[in-house]
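A.B. asks: Listed below are the residues making up each chain.
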Amino acid sequence: MSFSNLTRRGLIKTSAAAGAGLALPTYLSAASHAGYTNAPQGDTVTLGFNVPQSGPYADEGADELRAFELAVEHLNGGGDGGMMQTFSSKALNGTGILGKKVEYVTGDTQTKSDAARASAKSMIEKDGAVMISGGSSSGVAVAVQALCQEAGVIFMAGLTHANDTTGKDKRANGFRHFFNSYMSGAALAPILANEYGKDRKAYHLTADYNWGYTTEEAVRSSTEAFGWETVNAVKTPLTQTDFSAYIAPVLQSGADVLVLNHYGGNMVNSLTNAVQFGLRDKMVNGKKFEIVVPLYSELMARGAGANIKGILGSQNWDWKLEDQLGSRYSGTNAFVQSFGTKYGFPPSQAAHTCYVQTMLYADAVTRAGSFNPCAVVEALEGFEFDGMGNGPTLYRADDHQCFKDVVVVKGKENPENEYDLVEIVEVTPADQVTYAPDHEQFAGGSLGSCNAGA
Amino acid sequence: MNILEIKNVNKRFGGLQALGNVNLNVAEKTVHAIIGPNGAGKSTLLNVLVGKLIPDTGSVMFDGQSVLGRKPYEINQMGISRVFQTPEIFDDLSVQENMLIPCFAKRDGAFAMNGYSSVGSQRDVMDKAEEMLVEMKLADKRHMHAAAMSRGDKRRLEIAMCLAQDPRLLLLDEPTAGMARADTNNTIDLLKQIKEERDITIAIIEHDMHVVFSLAERITVLAQGTPLVEDTPDNIKGHPKVREAYLGETQVAA
Amino acid sequence: MDAILLQILNGLDKGSAYALIALGLTLIFGTLGVVNFAHGALFMIGAFCAVTFSKLLTLSHTIIDDTRKDFLGNPMKVDVPYIHEFVGQTTGDAIIDWAVPLSILFAVPVMIAIGFIMERGLIKHFYKRPHADQILVTFGLAIVLQEVIKFFYGANPIPTPAPAVFAGSFDFGAMLGFDPNTIIYPYWRLVYFGFAAVIIGAVFAFLQFTTFGMVVRAGMADRETVGLLGINIDKRFTIMFGIAAAVAGLAGVMYAPINSPNYHMGMDFLVLSFVVVVVGGMGSLPGAVLAGFLLGILESFASMSAILELIPGINQIIIYLVAIIILLTRPRGLMGRKGVMEE
Amino acid sequence: MFGLSKRDAGLLFVVALLCLFAPFILNPFPEGSAMAQFNGGYPDLMQRLVIFGIFAIGFNILFGLTGYLSFGHAAFLGVGSYAAIWMMKLLTMNVIPAIMVSVLVAGLFSLLVGWISLRRSGIYFSILTLAFAQMSYALAYSVLTPITGGETGLQPKHTDPRILDGALPAGQSPRANLFGLDMKASTQLQLGDWVFTFNAGYYIAAAIMLVAFYLSIRIFRSPLGMMLRAVKSNQQRMNYTGLNSKPYTLAAFVISGMYAGLAGGLLVAMDTQVGAERMFWTASGEVVLMTILGGAGTLIGPILGAGFIKYMENIVSKINDNVLHGWFSFMPDGIENFMVTIIHPFVGKGWHLTLGLLFMLVVIFLPGGLVEGGQRIGNLFKRKKADPKSPDGTTTTPAE
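Chains as they are written, first to last, in the numbering used here: chain Z, 175 to 628; chain C, 873 to 1126; chain R, 67 to 409; chain S, 2 to 401.
Okay, chain Z solo, but in the shape it has when bound:
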């Protein structure tokens, strides 16, 4: 494997004086760059991929990193080009970005906002990264997004689902391809009403932090609109590992649906506990007791094992979309093909969103003809595209949120292997999950204006 040395700012290579080493010191201030932070110089551009590599989400981070590496390979003309073949915008041609070879640096967010910012700052300050992407939680996404806004680089969010990222904490330099709590609720509610009936009593267990709050609110309001009643909503500590004390009273409440607004390890444990309590074998109010998990990933499904069977939830994307629902979701197979060939298993939704974000960034730069963040923001705002696996998609200018179809999934009864754990139930079309930019669940923030930095 060949790989040229990582460079910082690349500017040294071009500096004629550098070789001699005897030249007088050159004083440079950051402002003397091309008018924006970390303007790429020389023939390379550096992107920063900031993913959890330690802590509970390390496996998800590893999958994100695989997708990033694949995207860089494709951008530089390697491999089969992946989604570049299906992407509606044809600006990219496999010669890097604007002719500059794409290089990247990686860091560990540890799923802690402090560590994530430290890592992102080192990418910006030390490695000269002009775009930061990745992450596996909303806390990290919001923290790094705010940092990128201050520093004047673009943030392409990875997996972040809380409304806040493009709601009260939105920033002009930040963009989210992933869907959000509201969309999960809006996509799930009609299908829940359809599958389980409109006369249902729901009991929510909610992770006691921002993402939990927004998800509970979204699912509650959407399901109540279909006639469901919410009998109770209990908040559970993030650090909880055994949820028995929260699950034991569920049946006493007279509820017949349990909604687990949990993510990651919380969800794996609470679902496992709920199934242990035999909730799914019970009949309450004359109906079969059901469990719903508004957001779950392939990795969570794997962690939950057989417990996930038949559980409804929502996803941003699934690798079987194009095979099962046709060419509307073109790009899916192209991506799965190149990812699967390289790594031997199908990609997760986290990998997909990270790959797409990288491509979208590269495309926006190419269309804008500049790495200047403000130019990139302009190119991405209101951008409509297709062929990236989600069907026609809009990057809305008002809040930098992508609007696209949402996949409603169900844990598969008889999985053939450990990557085939969910089946697609239905796809809720984009217009049903679209909301006004000033929707109350997203109130309280403003994008501000783009910051190009120094």
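Accuracy of the hints is not assured; some may be wrong.
[Stated by the list, open to error] As a list, the in silico DSS-like pairs of lysine-lysine whose alpha-carbon atoms are at most 25 Å apart:
id, chain 1, residue 1, chain 2, residue 2
1, Z, Lys516, R, Lys135
2, R, Lys143, Z, Lys494
3, Z, Lys586, R, Lys190
4, Z, Lys372, Z, Lys516
5, S, Lys247, C, Lys943
6, S, Lys247, C, Lys978
7, Z, Lys483, R, Lys143
8, Z, Lys375, Z, Lys516
Please keep in mind that the hints were generated in silico from the structure rather than gathered at the bench.
With chain Z's structure known, arrange chains C, R and S on it following the hints.
C.D. replies: Only chains C, R and S this time, still in chain Z's reference frame:
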């Protein structure tokens, strides 16, 4: 004039009467020994004096003030210093620092937020500590780690630390326990010297009759938590009750 | 009423887990005077013994099935466990189903061996070192152990189900005359409760009724004296460390079906188990058990929605709040002895 | 000099030089070279090194001197951070009020926690402090979300009142500054293949660290410092020497809490955001590790320990396989891949493993921490027989 007056002190631990109606006076500027067999209540009495234990009844007056209910450091600040059975010094500090701490306690009281000027710049305390080190023949060990000293030197240092506070009453709890003969004799000489050179009252609890009879001016014999006799050493030696109740055992101990 | 009964039941179950984890920790404190920050890692390794054992049972060879295609359109690779070939599919599946209880047989020797190696190779050299050094070195060891597990098993939780017969839950409510479904409790958790009770009882009996246990208890009370009696206490301490490791490991094995094991589950339990041990009183075995049950029950009550409406967030802090109150009212925890770990 | 002994003044001078020239010292490798990965001379890391240095210096005043092992100091850092960010949201982006208030608030909070926790000693004290910190973390992450921002933390926004600052010009985000000097302002010096970055925020943080270090030397050498070591050595003797050990330990606790608050305030001043994870028990554990790793009770140890851990965290975690291939690309392919396979588990996502191994190695072989390692190397060069019992020997000097 009595510097210490103990009246009707009782202390029970569960079913055990540790101290029964103890009445005891220590006259100023004397050496007063308290002897008695194991379990006679000597240590309990000592702990009452320094504030570690509170008696069930009775009063303990030091120089006209009650010590009962006061914390050990408050009682120390009143003028009572205690030497322990096994030397209690600051093992992790140098000999000089060991000496400085009581000097600071004497000057600044129980607590002072003296966190900016260096120790060395506070000449008055430095000089006082140096004086004590010289007086107690520890000056050449000034920079030694206290833990590294011999048992006898540790004892000497502990006594020096107590004296640095200019206490009015020095309490010694079996100061020669576990010592070799030579160290014991050195300690006796040291205490004799202190008695001669300083205006100080000494109360000593001791097992070793050799030590007691070399030092004490008055002796109280404690048995089963109650004072049996109080008299001069010569009279105690010949007292039949004491011989009967006690001296048989002391010969073993001595 | 039924809600309260349910939470008591739940608290007992939770408490038995806490007590079991804390037991080994306090045993090491009491006997060896070592603050073992790697105890959580031992618990985690125990759980991964169950994972490893079921992986061993499902050790497979791969055959290529041309009739089916995988997601890339290539012929499907199908894994066939060797055990199916050895004992037939039905028996093989039954053995795989019982992997978790069976892995106890695998975990005990493994954990004892790990305990011996840890004590002889590392902990032994730290008996006379300050507690701070013990904490640092065992914490370092805990990190190393969990990173090794992460290297082999990844960071994602690994589902390790209990045997199918223990699926579902038992309806106490119906038995006690309440409405059905009001007081239900999973069979496996009841098994865990019973298992914990047996292990705790066994450890107590071992210490109470065997000569070995008597010497160890004497060593806990006064190490120097026992040493002076000419008894080789070191060897016994090594064995005690092995036992403590095995207890932690067994707690982990049986816990695997309750929460899918992941590499950092030890750290999640570490702080909690320290709180339990300290609230119980350092080095006190009955104290640890008592504190385990007390904290388990209080935690269960604090998570009731009626209480949460009254005091929002109480479920977040209850354990720590109780620990503070107990330590302020009882200086050495519930049953601690004077002078242990107070310097 | 400055009321310090020659030796202490020398130490302070060395630390000052290290701080002044950190941009050079931490960037020893030329740009673009394979080893440039190990360069740590960028503003964020340099700031973190000195800020966590302050945190560890303060912690050492409590732990190193009195031996009281607090497992909850991250709470004071966190509380200081929240106080600072609120000053920036409400009052001004100038860092002075933010830092002052953070020290003050952390001091008050540590007074409360210390007053309660110091009723117990040993591990009971440790667990009490841990309990307070964990409660702070849990509440900040959940029910206190309106004040703390919970999971997403707090950052300055356009819409904050900031009554002392004028309205921001359109398109500008609020920036932490010192009377207009932007904390992010940097100047670069290019010398041949080397590039050195001089950052305003770093030098301000470093100056504050030097003041904090100077004050800690004064405390170490003062009667207070001696009393605190006496607390650690023998509380019984202390009480029987007429000294009340409680206010002494409480003073040490509050001072170290204020240092933690200062570090928290500075973190916000350099990087305007706070998240609740800052108060999690692992963060409290980290400062314990820094102090012990560097050498508890020594003056310079905590700074070394803090630097070591933060450097590992930020540099080793960023080494990925690509970088490894870059390093070994001069080798034949087979050996190159072999080397990458060998090193791979210890870098990048495996940086925790390296850290854990180093903890163990240091504690096993260097009981006095990195400072002892330095002394041993020093002794090797001096070829001097050090008497371990003498106060100048390596094992006994309490405050080197």
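A.B. asks: If a hint holds in the structure, say so; if it does not, say that too.
C.D. replies: So, going through the hints one by one against the coordinates:
A C-alpha spacing of about 18 Å is found between Lys516 (chain Z) and Lys135 (chain R), which places the hinted pair at or below 25 Å, so the restraint holds. Proximity of Lys143 (chain R) to Lys494 (chain Z) is assessed by CA-CA distance (about 19 Å); at most 25 Å being required, the pair is judged to hold. A hinted pair counts as satisfied when its Cα atoms are at most 25 Å apart, and Lys586 (chain Z) with Lys190 (chain R) does not qualify at roughly 51 Å. Taken as a hint, the Lys372 (chain Z) and Lys516 (chain Z) pair is broken in the structure, with Cα atoms around 45 Å apart against an allowance of 25 Å.
The hinted pair formed by Lys247 (chain S) and Lys943 (chain C) meets the criterion: a straight-line CA distance of about 12 Å does not exceed 25 Å. For a cut-off of 25 Å, the pair hint linking Lys247 (chain S) to Lys978 (chain C) stands: about 18 Å separates their Cα positions. A threshold of 25 Å between alpha carbons decides the hint, and for Lys483 (chain Z) with Lys143 (chain R) the separation of about 23 Å falls inside it, so the pair holds. About 46 Å separates the Cα atoms of Lys375 (chain Z) and Lys516 (chain Z), which puts this hinted pair outside 25 Å; it is violated.
In this structure, the earlier hints numbered 3, 4 and 8 are contradicted, and the remaining ones agree with it.
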